[in-house]
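> So the sequence shown is residues 1 to 308, counted in full-length UniProt numbering.
Treat the hints with care, as some may be off.
[Unchecked claim] Estimated spans, in silico, between C-beta atoms of each pair:
1. Ala-209 <-> Pro-89: 21 to 27 angstroms
2. Arg-167 <-> Arg-289: 27 to 33 angstroms
3. Gly-270 <-> Arg-195: 38 to 44 angstroms
4. Arg-20 <-> Asp-181: 38 to 44 angstroms
Simulated from the structure, these hints should not be mistaken for lab results.
C-beta atoms are modelled at their ideal positions from N, C-alpha and C, and glycine is treated no differently.
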Amino acid sequence: MTAAAIAMPAAARLPPLRGRVQAGAPLAPTTWFRVGGPAEWLARPADLDDLLRLLRELPDAVPLTVIGAASNLIVRDGGVPGVVVRLAPRGFGAVEAEAGGVVAGAAALDATVAEHAAAAGLAGLEFLCGIPGTIGGAVAMNAGAYGAEVRDVLDWAEVATAGGLRRLSNAELRFAYRRADGLARRAVVVRARLRAAPGEPAAIAARMAGIRAAREATQPVRARTGGSTFKNPPGGARAWELIAAAGCRGLRRGGAQVSEKHCNFLVNTGGASAADIEGLGEEVRARVRAACGVDLEWEIRRIGVPSP
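Please model the entire structure based on the sequences and the hints provided.
Below, the structure is given as structure tokens:
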């Protein structure tokens, strides 16, 4: 069923918000791939109270999807039924450095949090400058890069639910590889505290510069891409090595291509559809399975319904 097919029922049940609510909102321009259909309803709550009202009053039968910077996301061509929530920096993007850490809103960019920590002479969060996305998404998927993950530095996260605001500890979030099993369905991360330690500003800046240079040198950062496509499988193998061994580097489907620079990245070379990108990813999985006997698991999140 497409988003348009169920627009009227969801509209009738959407609670009034002070923030912006848009019907049939295009999502493709917000994603790094620049593909995909519209949201049936796109809600940008004004603040925490607005978000809590939405979660409290939205009927459970209406689908709810939360997106952040949409940097690691495929929106399918048929659009996303129900309500898509996107937290705006104005209400959810504050970043404050304090003794021993940084408290950041879910809409704050990971790189921005790393920069705030560096400006305050706090070390340990440099890895965030190499992760394209927001803190909310980083907590939800236990994002990691360059030898560190969110679970290594997180003290707590505040989560909005239909029952109110909860503060979950690192242990309660039950982090695993690229996921937080302790996050309930329809729960929305709104704020998090990340540990950091006093450090030498010059050394912190040098580490961040090194991460940025390494990312520029090895990843297609200037292309329309969605970041790492597949999780590294258990056992120490790297997804990109398996993809290369299966002969998939440069493989194309429509306007989608496996990056020549880093073959765990898919890119929109121009004119790709979401179906092209997802279909190419599935072809890569099939070839790796046939060549290496390994089932690669998607790291990129895929939402919505296919085009009719």
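> State for each hint whether it applies.
Evaluated hints:
1. Ala-209 <-> Pro-89: 21 to 27 angstroms: About 25 angstroms separates the Cβ atoms of Ala-209 and Pro-89, which means 21 to 27 angstroms holds.
2. Arg-167 <-> Arg-289: 27 to 33 angstroms: Hint violated: Cβ distance 42 angstroms, outside 27 to 33 angstroms.
3. Gly-270 <-> Arg-195: 38 to 44 angstroms: With Cβ atoms ~42 angstroms apart, the hint holds.
4. Arg-20 <-> Asp-181: 38 to 44 angstroms: violated, 32 angstroms
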